[in-house]
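Colleague: Chains as they are written, first to last, in our numbering: chain A, 195 to 533; chain B, 3 to 301; chain C, 106 to 446.
Treat the hints with care, since some could be wrong.
[What the hints assert, rightly or not] Lysine-lysine pairs mimicking DSS-like chemistry, simulated, CA-CA at most 27 Å apart:
| # | chain 1 | residue 1 | chain 2 | residue 2 |
| --- | --- | --- | --- | --- |
| 1 | A | Lys446 | C | Lys239 |
| 2 | C | Lys185 | C | Lys158 |
| 3 | C | Lys172 | C | Lys158 |
| 4 | C | Lys392 | C | Lys378 |
| 5 | A | Lys267 | A | Lys427 |
| 6 | C | Lys239 | A | Lys319 |
| 7 | A | Lys446 | C | Lys158 |
| 8 | A | Lys319 | C | Lys172 |
| 9 | C | Lys399 | C | Lys172 |
| 10 | C | Lys399 | C | Lys158 |
| 11 | C | Lys172 | C | Lys185 |
| 12 | A | Lys446 | A | Lys427 |
| 13 | A | Lys319 | C | Lys378 |
| 14 | A | Lys427 | A | Lys319 |
| 15 | C | Lys392 | A | Lys427 |
| 16 | A | Lys446 | A | Lys319 |
| 17 | C | Lys378 | A | Lys427 |
Hints were generated in silico from the structure; no laboratory data involved.
Listed below are the residues making up each chain.
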Amino acid sequence: MRFVVRRLGELIIVMVGLSLLIFAISRLLPGDPVRTALGENARPEQIAQLTQEMGLDRPYPVQYWRMMVGIAKGDFGVSLSTFRPIAGDLAIFLPASIELAILAMGVSILVGVPLGVMTAVRRNKLSDSIGRALAFAGVAVPVFWFALMIQQLLATNWAGMRWLPTVGRIHVDRKAPPEVTGAYLIDSLLAFDFSLFWHVSGFIVLPAVALAVSPMAMILRLLRASMLDEMGKDYVLTARANGMPSNLITYKYMLRNAFSATLTIIGLLFGYFIGGAFIVETVFSWPGIGRYGVRALQLKDFNAIVAVTLIVGLGYAAANTLVTLAYGWLDPRLRLQRK
Amino acid sequence: MTDALKSTSVLEDGPVSERVSATRVAIETLRRSPLSLVGLVIVVFVILVAIFGPWIAPFPEDAGASVNFAKRLKPPSAEHWFGTDVVGRDVLSRVIIGSQISLTIALFVIVFAVLIGVPLGVIAAYFGGGLGGGIMRINEVFLAIPSLVFVLAVSSLLGPSLPVVIIAISLAWWTWYARLAYGEVLSIKQEQFVEAAQVSGASKMRIAFREILPNLTSVLIVKVTLDIGYVILLGASLGYLGLGVQPPEPEWGIMVAEGREQLPDAWWLTTFPGLAVFVTVMGFNLLGDGLNDILGARQ
Amino acid sequence: MTALLEVEGLEIGFTDADGAEVTLLRGIDLALREREVIALVGESGCGKSITAKAILGVLAQPPLRIKRGAIRFQGRDLLKLPAAAYHALRGPGFTLVPQHPLSSLNPMFTVEQQFFDLMNYQGRARVGFVDYWKPRLSATRRRDTRERTIAALREVSLPAPEEILGRYPFQLSGGMSQRVLIAMALLGSPKMVIADEPGTALDVTIESQINDLLRERVEARGMAMIYITHDLGIASELADRVYVMYAGRVVEEGATHEVFNAPRHPYTAGLLKAVPKVSNEPFAGIKGTLPDPKAIGGGCAFRWRCPYATAACEGVVPPLVDVGDGRRAACVRATELTLAA
Numbered sequence: 195m196r197f198v199v200r201r202l203g204e205l206i207i208v209m210v211g212l213s214l215l216i217f218a219i220s221r222l223l224p225g226d227p228v229r230t231a232l233g234e235n236a237r238p239e240q241i242a243q244l245t246q247e248m249g250l251d252r253p254y255p256v257q258y259w260r261m262m263v264g265i266a267k268g269d270f271g272v273s274l275s276t277f278r279p280i281a282g283d284l285a286i287f288l289p290a291s292i293e294l295a296i297l298a299m300g301v302s303i304l305v306g307v308p309l310g311v312m313t314a315v316r317r318n319k320l321s322d323s324i325g326r327a328l329a330f331a332g333v334a335v336p337v338f339w340f341a342l343m344i345q346q347l348l349a350t351n352w353a354g355m356r357w358l359p360t361v362g363r364i365h366v367d368r369k370a371p372p373e374v375t376g377a378y379l380i381d382s383l384l385a386f387d388f389s390l391f392w393h394v395s396g397f398i399v400l401p402a403v404a405l406a407v408s409p410m411a412m413i414l415r416l417l418r419a420s421m422l423d424e425m426g427k428d429y430v431l432t433a434r435a436n437g438m439p440s441n442l443i444t445y446k447y448m449l450r451n452a453f454s455a456t457l458t459i460i461g462l463l464f465g466y467f468i469g470g471a472f473i474v475e476t477v478f479s480w481p482g483i484g485r486y487g488v489r490a491l492q493l494k495d496f497n498a499i500v501a502v503t504l505i506v507g508l509g510y511a512a513a514n515t516l517v518t519l520a521y522g523w524l525d526p527r528l529r530l531q532r533k
Numbered sequence: 003m004t005d006a007l008k009s010t011s012v013l014e015d016g017p018v019s020e021r022v023s024a025t026r027v028a029i030e031t032l033r034r035s036p037l038s039l040v041g042l043v044i045v046v047f048v049i050l051v052a053i054f055g056p057w058i059a060p061f062p063e064d065a066g067a068s069v070n071f072a073k074r075l076k077p078p079s080a081e082h083w084f085g086t087d088v089v090g091r092d093v094l095s096r097v098i099i100g101s102q103i104s105l106t107i108a109l110f111v112i113v114f115a116v117l118i119g120v121p122l123g124v125i126a127a128y129f130g131g132g133l134g135g136g137i138m139r140i141n142e143v144f145l146a147i148p149s150l151v152f153v154l155a156v157s158s159l160l161g162p163s164l165p166v167v168i169i170a171i172s173l174a175w176w177t178w179y180a181r182l183a184y185g186e187v188l189s190i191k192q193e194q195f196v197e198a199a200q201v202s203g204a205s206k207m208r209i210a211f212r213e214i215l216p217n218l219t220s221v222l223i224v225k226v227t228l229d230i231g232y233v234i235l236l237g238a239s240l241g242y243l244g245l246g247v248q249p250p251e252p253e254w255g256i257m258v259a260e261g262r263e264q265l266p267d268a269w270w271l272t273t274f275p276g277l278a279v280f281v282t283v284m285g286f287n288l289l290g291d292g293l294n295d296i297l298g299a300r301q
Numbered sequence: 106m107t108a109l110l111e112v113e114g115l116e117i118g119f120t121d122a123d124g125a126e127v128t129l130l131r132g133i134d135l136a137l138r139e140r141e142v143i144a145l146v147g148e149s150g151c152g153k154s155i156t157a158k159a160i161l162g163v164l165a166q167p168p169l170r171i172k173r174g175a176i177r178f179q180g181r182d183l184l185k186l187p188a189a190a191y192h193a194l195r196g197p198g199f200t201l202v203p204q205h206p207l208s209s210l211n212p213m214f215t216v217e218q219q220f221f222d223l224m225n226y227q228g229r230a231r232v233g234f235v236d237y238w239k240p241r242l243s244a245t246r247r248r249d250t251r252e253r254t255i256a257a258l259r260e261v262s263l264p265a266p267e268e269i270l271g272r273y274p275f276q277l278s279g280g281m282s283q284r285v286l287i288a289m290a291l292l293g294s295p296k297m298v299i300a301d302e303p304g305t306a307l308d309v310t311i312e313s314q315i316n317d318l319l320r321e322r323v324e325a326r327g328m329a330m331i332y333i334t335h336d337l338g339i340a341s342e343l344a345d346r347v348y349v350m351y352a353g354r355v356v357e358e359g360a361t362h363e364v365f366n367a368p369r370h371p372y373t374a375g376l377l378k379a380v381p382k383v384s385n386e387p388f389a390g391i392k393g394t395l396p397d398p399k400a401i402g403g404g405c406a407f408r409w410r411c412p413y414a415t416a417a418c419e420g421v422v423p424p425l426v427d428v429g430d431g432r433r434a435a436c437v438r439a440t441e442l443t444l445a446a
């Protein structure tokens with residue numbers, strides 16, 4: 195418990211530092227964002243008025259303070275491109291990204307872990323080469339390209355049929371399920387609307403797969419290496435010599451030990467999921483924070499940029515904290531030994 | 003009795019196995035792992051293409067803003083191996099010249115990241131205390147957001163261009179090297195040879211750089227090789243989103259983005275630049291892995 | 106009494122990075138009768154552990170390969186058994202007491218959990234989903250297993266077994282871990298247990314406690330034991346017969362007290378002389394180290410270090426010859442030499 199509090203404290207310090215960093219960079223940009231937002235034909239009075247409204251005429255420390263106070267209250271300011279409160283936009287787009295990220299993470303673990311174990315346990319040359327090739331390819335493939343490729347290959351008309359939808363989260367003509375979690379997959383199940391569930395799963399499949407490729411490859415690689423390390427260990431030998439079934443040794447005992455290293459990677463991978471989401475969401479027009487963020491960046495909407503950056507940073511840090519906690523649960527030595 | 007035997011025996015111990023040299027290990031590893039060899043070949047190939055790009059590209063002028071509407075959107079043929087794009091430029095030439103851009107970015111970024119990150123990490127670990135803590139806190143701030151997001155933000159806010167891309171990625175990347183150096187130095191710090199140097203009166207700075215640095219080298223070499231691949235990926239992603247190198251530069255990411263509008267008909271516009279990224283990054287990864295085996299086996 | 110275990114001409118080797126054949130075990134012959142305790146004695150690297158692993162069937166193949174030989178357990182050649190049948194023998198047939206107690210138990214699971222798994226699934230090569238959950242979901246089974254575990258822990262003289270159940274291996278001392286491992290080895294009531302230097306990693310006092318425990322349990326249960334050690338003193342205390350190994354071969358075998366009182370092989374004699382005695386004599390050792398397995402060639406592996414070597418030792422690998430009283434030694438000069446202990 196003390197550990198959690200300490201981590202939270204560190205988190206706050208890092209967030210503050212991050213907000214300073216982003217604020218500084220955003221205020222350093224050349225050109226006037228208000229002028230850009232209002233367009234070339236804006237009259238000076240309009241510019242002056244908007245500048246004053248947005249508080250951009252105040253000294254920098256005051257601006258920073260106002261921004262932080264606002265954030266603490268949940269107000270991220272107003273977008274310079276849509277002129278809507280950013281907090282509102284975030285509330286709409288965040289659940290979509292979280293849903294996608296979690297599904298992608300699930301896919302990468304569910305595919306990466308068994309493949310990693312299998313390529314480690316089967317000692318023949320073929321599975322070894324396949325495993326390594328998959329691992330390397332998965333990490334090297336550019337996400338934007340892969341996303342495009344599967345979008346084309348799996349969604350075009352093949353033999354006269356559309357296999358999977360290419361853009362968006364749900365068809366324009368269909369209604370989203372009543373909001374409980376914000377995740378369409380869960381909400382449609384909760385509403386017992388199975389046809390809707392089937393429908394939205396089609397939309398999420400391709401983006402999730404595209405997002406999962408690289409992490410899956412990393413998980414496969416790391417788990418394989420960890421399992422190979424475990425194989426030489428004494429407890430494996432003893433258990434086997436005393437008659438423990440081999441699949442039990444592999445999937446219960448060895449995997450548990452091997453998983454620790456993979457867990458660290460999963461923490462780092464959250465960072466990849468968030469960053470990769472920016473690209474995947476753009477390619478598939480998935481209405482999430484990533485696509486919102488990219489638009490904000492392309493339009494130089496720096497209120498939105500700051501907001502997205504902070505949310506992303508917070509999410510990443512939260513995910514890493516979860517991973518650290520999971521570590522403790524997984525490995526009893528960390529839980530019970532006093533450092 | 004024993005004399006009769008001594009003349010025939012090699013040593014009293016019995017023959018001892020020979021020691022292996024580093025080159026031998028390298029050749030062995032490459033021989034046993036064809037993947038690493040493939041990686042090496044790819045990397046050398048790409049580097050050569052980048053260096054000699056303008057001379058080997060069949061239509062080097064197409065790397066810029068030239069326009070030739072008569073030849074637009076032609077599929078791959080004998081004249082244009084990779085086809086032509088929407089304004090008639092030869093895709094092969096653009097891919098070849100594009101390699102220069104990607105490798106340039108990677109080179110500069112790695113150099114900056116190493117030159118900034120490694121010394122900072124070493125200093126932070128060796129001197130410890132407030133200075134060390136401060137450096138690592140700053141490090142954590144930079145690491146708090148995923149690299150892509152950070153680089154996107156910096157690049158867009160400063161106005162995307164080649165130098166900005168390099169600066170942005172370097173700002174994100176030094177952190178990993180600082181962290182790596184920090185960790186390595188911390189573990190080496192206690193080693194005896196460092197203590198010996200301290201006892202013999204060498205200054206702290208000198209110890210930090212002369213004794214500890216060489217031990218970082220093998221870890222660094224592997225990481226640098228792998229990182230070149232990742233930086234290329236990052237640069238291409240930026241290009242794809244329009245927040246990296248700007249058109250009409252033949253950067254691979256931009257080419258994929260521009261080609262997107264022509265899908266699925268002019269498939270060659272997205273396929274070849276994307277493949278270029280894939281193969282290049284794969285090559286560096288394979289090589290890096292091979293180096294890992296070689297350098298690891300030596301210890 | 107018929108032999109429980111017979112190892113005949115076992116040869117094990119591997120191909121090294123240059124493609125050369127390296128033979129680690131160059132023809133081992135062993136025989137173990139029921140209720141007998143034999144000691145496998147030799148320096149590190151002589152092949153004792155490999156022999157044990159080969160018998161248990163846990164040798165890493167690849168990269169190692171069993172090139173020739175037979176391992177007959179209760180008359181059946183283990184090397185020809187299908188995997189499932191081999192696995193079925195682990196537990197009721199033979200088990201292992203390992204060398205490093207602190208790393209031989211999985212650190213992530215409690216003692217109770219590991220005993221549960223061993224008790225309920227021992228001997229099966231694979232356990233299916235249903236078979237896995239059946240005993241876990243049955244309250245009677247769980248209680249029953251728990252009681253049997255406590256009994257097993259008590260048998261190895263562990264104090265407060267109920268507490269130990271919930272502990273993780275890193276919370277146990279070396280001696281306690283070793284007792285737990287012995288309890289595990291006894292679980293299936295095996296006919297034979299192989300103890301691979303079980304005390305080496307422990308303090309000397311603990312080591313002797315463990316050895317006493319082993320000897321007592323093995324005798325009480327009517328088991329046979331192969332005790333692997335480099336310590337001649339322990340061998341002489343525990344074993345009825347001793348096999349002295351050097352560079353992958355047995356160089357001498359026989360009843361323990363006979364071999365140690367009047368060795369017939371120069372290596373055995375050297376080992377005995379090297380045992381420190383409470384006196385003012387300087388330490389005696391055997392000069393040199395084990396030879397590189399690739400370079401032994403066609404002669405006696407000991408010839409470089411042997412004070413009695415002649416040119417004859419070069420040409421032929423000395424076979425184990427009968428030297429009377431049921432003893433054998435692998436030395437061309439075995440019959441003519443008189444060696445002091």
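Colleague: Give a verdict on every hint.
Modeller: Evaluation of the provided hints:
1. A:Lys446 <-> C:Lys239: holds, 17 Å
2. C:Lys185 <-> C:Lys158: Measuring from Cα to Cα gives roughly 16 Å; hence the hint holds.
3. C:Lys172 <-> C:Lys158: Holds, at about 15 Å.
4. C:Lys392 <-> C:Lys378: Between Lys392 (chain C) and Lys378 (chain C) the Cα gap is close to 12 Å, so the pair holds against 27 Å.
5. A:Lys267 <-> A:Lys427: Not OK: Lys267 (chain A) and Lys427 (chain A) at ~54 Å, beyond 27 Å, violated.
6. C:Lys239 <-> A:Lys319: Status violated; Cα separation ~37 Å.
7. A:Lys446 <-> C:Lys158: It holds: about 23 Å lies between the C-alpha atoms, which stays within 27 Å.
8. A:Lys319 <-> C:Lys172: This hinted pair holds, its Cα atoms lying about 22 Å apart.
9. C:Lys399 <-> C:Lys172: Distance of about 16 Å is within 27 Å: holds.
10. C:Lys399 <-> C:Lys158: Within the cut-off at roughly 22 Å; holds.
11. C:Lys172 <-> C:Lys185: holds, 13 Å
12. A:Lys446 <-> A:Lys427: holds, 15 Å
13. A:Lys319 <-> C:Lys378: Judged against 27 Å, a Cα distance of about 50 Å means the pair is violated.
14. A:Lys427 <-> A:Lys319: Holds - the C-alpha atoms of Lys319 (chain A) and Lys427 (chain A) are around 22 Å apart, at most 27 Å.
15. C:Lys392 <-> A:Lys427: With Cα atoms ~33 Å apart, Lys392 (chain C) and Lys427 (chain A) exceed 27 Å; violated.
16. A:Lys446 <-> A:Lys319: Distance of about 25 Å is within 27 Å: holds.
17. C:Lys378 <-> A:Lys427: Distance of about 36 Å is beyond 27 Å: violated.
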